[in-house]
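Protein chains in written order, with the numbering used here: chain E, 1 to 402; chain U, 1 to 316; chain X, 1 to 747.
There may be inaccurate statements among the hints.
What the hints assert, rightly or not - No more than 20 Å apart at the CA atoms, straight line, and that leaves these computed lysine to aspartate or glutamate pairs for EDC-like:
1) E:Lys186 to E:Glu208
2) U:Lys106 to X:Glu604
3) E:Lys370 to E:Asp299
4) U:Lys204 to X:Glu3
5) U:Lys144 to E:Asp289
6) E:Lys91 to X:Asp106
7) E:Lys370 to E:Asp397
Said to hold, decoys possible - Pairwise CB distance ranges, derived in the manner of DEER restraints:
8) U:Gly62 to E:Lys240: 29 to 37 Å
9) X:Arg51 to E:Ala351: 42 to 50 Å
10) U:Gly62 to X:Leu15: 41 to 49 Å
11) X:Trp285 to E:Gly159: 47 to 55 Å
12) X:Trp680 to U:Val94: 24 to 32 Å
13) U:Gly309 to X:Trp225: 55 to 63 Å
14) E:Lys91 to X:Ser262: 35 to 43 Å
15) X:His544 to E:Gly389: 38 to 46 Å
16) X:Trp680 to U:Gly62: 46 to 54 Å
17) X:His590 to U:Leu175: 47 to 55 Å
18) E:Asn87 to X:His176: 42 to 50 Å
These are calculated hints, taken from the structure and not from any lab test.
Each residue gets a CB set at the ideal place from its N, CA and C atoms; glycine is no exception.
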Amino acid sequence: MRTRVVTGAAILVTVGAMALAGCGSSGGGKNTGLGGSSGTNSSGGSGGGQTYKIGFQGALSGDNKQLGINEVNSFNLAIKEWNAQSNAPFKVTGVTSDDAGDNNKSPAAAAALIGDSAVVGVIGPIFSGPTSAAGKAYATAGMALISPSATNETLTSSGFTTFHRIVPTDGVEGKATADYLAAKFKNVFVVDDTTVYGKGVADVVQTELRAKGVTTERQGTNGANDSNLGPIATAIGGAKAQAVYFGGYDAEGALLAKALKAANYTGLVIGGNGVKSSVFTQNAGAAGDGFYFACGCQDATTAPTAKAFNTAYTQAYGTPPSTYSPEAYDATNALLQAIKTAQSSGTVTRASVETAVNALDYQGITTVVKFAPNGEVAQATVNLYKQEGGKIVELGDITKQK
Amino acid sequence: MATFMNYLVLGLTRGSIYALIALGYTMVYGVLQLINFAHSEVFMSGAFGSYLIVHGIVGAGGHQSPLVVVGVIAAGMVVGALTAGAVGWTLERVAYRPLRRRNAAKLTFLISAIGASFFLSQFAGKIFTSQSTNSFPTFFAQNKPLFKLFGASVTVIEIIDIVFAVAAMIALDRLVSATKLGRAIRAVAEDAPTAALMGVNIDKTISRTFVIGGLLGGLAGFLFGLNYGFGNTMGFQPGVKAFAAAVLGGIGNVRGAMLGGMLIGLVEALLPTAPWINGTAWIGIRWTDVVAFLVLVGVLMFRPTGLLGERLGRAA
Amino acid sequence: MIESISRHRAVWQRLAACLVGSIVLAAMWSPVEGSSTDFYYELRKTERFPRLFVFLGIGLLVFLLITYSAKVRPYVSRPGVGPAFVGVLIALSGYVFMHWNDNVGDKKFNTVAKAVSDTNGLSWLTKAYYGWLHWAFLALVVILLGIAVVMERRIAAWIAVAVAVLAALDTYKAHHDVGQRAGGIDHSLGWVMVILGYAVLAVAGLVVAVTADQMAATREILNRWMSWRPGLPLAGVGLVVGLMSLLAGAWFAPQDPHYNSSYSDMHAVFGPTNLVGFAKTYLDWLAWVLLIAATVVAAVAAYLRNRVLGWVAAGIGIACCVFSLVVIYKYSSLAAHASPGDGTTWNNLGTAPWMAAAAFLLLAGAGTVVANPGLAKGRAGLAELGAKSVLSPNVVRTGIIIALAFAIFFPPTMTSFWQQVLVTEIGPYLLLAVGLNVVVGWAGLLDLGYIAFFAVGCYFTAYLTNSLPIKPPSWLVMPPLAAIPVAIVVCAITGLILGAPTLRLRGDYLAIVTLGFGEIIQLAANNADGVTNGSRGTGVDPIHHVTNVPHPSVHIGSLHITWGQNQLQYWYLLVLYLVILVVAMRGLEHSRIGRAWAAIREDEVAAEASGINAFRAKLLAFAIGAASSGVAGVFYASQVGFFSPTDFTLIYSILIVAYVVFGGMGSLAGALGGAAALTWLPRFLQDQVPPADKQMWIGAIVVLMMLFRPAGLIPAKRRRIEMEGIDDAPHAETMAVAPAGSLGGVG
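So here's chain E without its partners, still in its complex pose (with noise of 0.2 Å):
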């Protein structure tokens, strides 16, 4: 009886909270009246007193928000940025969609940003699966899409004729990264994390040693999440390997290479894009030394720009830029672009947008932004890069590397 009282008396409290503060808080709105729905419409026209939406869909909840809100944090920062220029042609306003990194939660978050008929383009998604979910759904709604991070290699081959991504394809850098390795090594261990992306790009490697003739051994690790790795670096010590290649993500990178140097190993240890990041730096610490990455990517740490960047976010957000941050902030603003050329060349709609990403040419921080036909990113350099002192240094084109 009691707890009846309690409940209702609880629940009507914080219903009656909620509602004070939701009073307090909301009406940031400069709405003029009812009839003139806050300005967004995607009629074109010239003028600076136009408004477009674009998207973002991407793991915003669960247990990979961390990536998406690296993502959105970038997302946010372009548009506001872009708001904030004094000649300004058109104004923005960002709608996030959440898919939670599930693949069967992406169709509904799709289905979102495509029935809001004012979203012009999207960033995302993030993750391989949600965009098999949904490639489709959005090809079918012609919505461009940029995405700063899904690598796996099918996804251009699969039919989404207006999916596009910054991230150059696993069979890109896998290919230079085993190049690399077959030229000073005869003896290759390859570790992938059982993920799309880690699996793929070590399937890539391994696939390209082999022909090379080089002897290579594999072995998966226990999941992406795993952290007891212990046990793979004592096989590599065992395996007596000259090098190790890793195809995973920063966070187990880390933990292999403080595994590695307990066990003392001292072959060369190298990564794809994935593990080059912020969160492999600082949780790698003095570990880290000497790990390399090879990059299908630009220095996102070291141009006059990117430090820009840098410092924007980390004063915005009160943390620096993280795995993924420099890609998406490059994506959005490549979207921009794009929606600018459309705005110049008559109306902006998503199929002129469409047309305008596949045109699109523009110098970003992590790379040069500009499409082949079926959506990859047309960078075709790979860069080396290495840890040194704690701080990730650029090498240059692994290709001229000795």
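Chain E is fixed; fit chains U and X onto it per the hints.
Here is chains U and X on its own, set in the frame of chain E:
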């Protein structure tokens, strides 16, 4: 041989942490017949608590004198254990005691535990960070091998892991078998109403059981974080393994949990990597979880109540 | 002395708990997320004064409420107070959570209110409503009801009823005005919630004004009202829905809002076209006539309790419903052909045509209720025996009919986003919950690896439709719908294989073994590239000869239906599956095997001693549960086409168990309700809280639900009777000796 010993040491290290966590599961099961799903979050809170104190003392890291290092490790262990103990106590008061009062069904307890687990892990992610892996200050990274055991190098942190885990297990064993609180715990596990009639304060005993489980889990959290990094979702996988370990040894049986934990750790390290020469592996490390669960299922087929049988009351 | 000290300690503890709780709430309720380089960031940023004081104040308030609850208790148990609480909650939720107009800003009430205040030309009543009147109405009703209960002045309750009705009408008018002004298509439901809240408040007021009892007995009152004239309430609801659709709703809503028309406009819009004659007549005046006729027949049948007339009413209702649907199809397709850009057939409609069809269905339902007065002679049910804690069959059937009408006619009015959510995120889990309910709820087996059967179903469907790297022999390839029986059999066999070695284990050991099996299957699927395409899943993958699972299609004779055009098709397929499954399960529940399961669940040893083969019964439960996930697997695979091993991880198994227990284990309605609620909640919360915090709030809600209502949302009858006894639970006043507190948990 050296490779095999390497795997063995790794297995013992990991196993001792599993054993510590499994103790928490098994003790709570003994007194309440409840699978405390939220224990993995108690474990996680220990890691965060210890990180806060370590970070508070030494900041971002760098070289420290050995005395400072020892002090920091001690502080980390203590604070981690205390944090987790506090979280365990709160968990019992908020999520389980009201259900006990109403004689709720067992599954209700389970779902309350699951809800609490979600809440705690996401709450920690909100107030601290939701980055999946964070590490302790970098001076811990200079984890030097201390000595060689039949060719396998054993590092300082591994020694600390095994030694303190074993010490904690021995302490718990003494507690359960030789102290008044231990007798009370065993009494409540055996037959709660009769124990109440004999003058045992059920509420306090259960509370203290949760706290003890939390202390051990928090210690495990700190040790785990030192070795493998920590994050707000770190508790799920080790929690499942530790629960499996507790069941393997006989749920409700303290010594069984210790044995089960060690066993699972060794199985994980040794079976997938057989035959331990030159890095070749017949099964492959990617099948580690499958192997561990198959072993579990296999043991339970032949010994349905676990390796050492059940019940806190009958074990010690 | 000792008692007073311990009471003081209890008070201090309570205060501390409330304050700590409020700080936790403050940390939860902040827009800031944690920082990986500065762990104190969120704590510092969000605990700032004065925000913290507000939350501490709330904590204090809750503390006071609990401490002085004894004073409040006698009033709270009066009849009508419970419904009043509920009504206020519903109304508040409508204001705080729901959308009020899809075409204004962030759609919330405050934004719309601001827009209204900036607009000229709206009626005074509307402006006042959005300004201060809405709070005034609510406060007035609450105060009047308070006076009525505390000071026992019934007249205040009558006035409260009048005010509530006025408030509901004003809400409707205000929303309608705003809708007219803002234009565009509007699916918002905030006004519906608020009107519902006021309706409940009005009912509460009536109860307060009319009853002479001192103790509330909601279920008994409900049973009594519903039994007075079974079917009459349903007829009333049908009439109201029909009136709303004919008077106010939009019957035609193409993309070009110029043509939005309510029923009275239809004549003008479709008069000049070459719409077929009967449709034109329907849109002119026939709908009114049909509605009145159906209502009159149903009402008379209910009043006279005449079974023949009941069947007649049912027949008329169904016929009118079908006729309406035909008319709707006619004019919708005519408009679609005339201007396809404005919306395809069935997509250029407003909400009103669906409401009209639903109204006729409800009237037909009323007829069936009258025609089947519940029980054959000689087989009295629990309610008829005087059991007060059980809802009578009339109430239950009314509920089922309303739910059915809702399930059939509400989804077409949803936005495409919600339709997609319904079909992809809610639907499969409804099917899974029904299956797990058999295993966990009826047989009492704790299965933590249930998603493995779902995985088997999905992958087997993919195999049979030739979508995996491993190819079936050519005679085995079949379309998805034909794969259903095969998938059911295969999954049932899997259940038998998994169950045979493990079901001899006791409760918690079974849990870990099933968990292990679930993990093994998921990991095997992830690593076995040649069979399942590994972590890549079943997407379009020409390199590995993998394609999407095809959508279902039916080609029999001249009947050609292909699924995949829109999500509604899948929804109706799902409803079909659900109905079949539910009917099958209900048959099971009341059969010998169902009783055997109940016996095993309660006390296995005693059951075995009574001659039940426990192992066989448990095995059967396992197999049946697995078989129903086979259906879910076929549905999911053929709908999304793409899935990968990450859809079948351990966390989903745990979630499904949570859905079933949250909803009320052992009751079908509970399992469905729990699954629907907990899969809907994340998408609903998305608009209310930062998306990163969704799971945190859901975890809190689950814990709170278990603490305050351990039996679940819709508890199984049997369980509730076990807990409370057949009569209402005794109240403190009627017992000489208060029941002793629990000794602290015997399992």
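Verification of the supplied hints:
no., hint, verdict
1, E:Lys186 to E:Glu208, "holds, 13 Å"
2, U:Lys106 to X:Glu604, "holds, 16 Å"
3, E:Lys370 to E:Asp299, "holds, 17 Å"
4, U:Lys204 to X:Glu3, "holds, 18 Å"
5, U:Lys144 to E:Asp289, "holds, 16 Å"
6, E:Lys91 to X:Asp106, "holds, 18 Å"
7, E:Lys370 to E:Asp397, "holds, 19 Å"
8, U:Gly62 to E:Lys240: 29 to 37 Å, "holds, 34 Å"
9, X:Arg51 to E:Ala351: 42 to 50 Å, "holds, 47 Å"
10, U:Gly62 to X:Leu15: 41 to 49 Å, "holds, 45 Å"
11, X:Trp285 to E:Gly159: 47 to 55 Å, "holds, 51 Å"
12, X:Trp680 to U:Val94: 24 to 32 Å, "holds, 26 Å"
13, U:Gly309 to X:Trp225: 55 to 63 Å, "holds, 58 Å"
14, E:Lys91 to X:Ser262: 35 to 43 Å, "holds, 36 Å"
15, X:His544 to E:Gly389: 38 to 46 Å, "holds, 43 Å"
16, X:Trp680 to U:Gly62: 46 to 54 Å, "holds, 51 Å"
17, X:His590 to U:Leu175: 47 to 55 Å, "holds, 52 Å"
18, E:Asn87 to X:His176: 42 to 50 Å, "holds, 44 Å"
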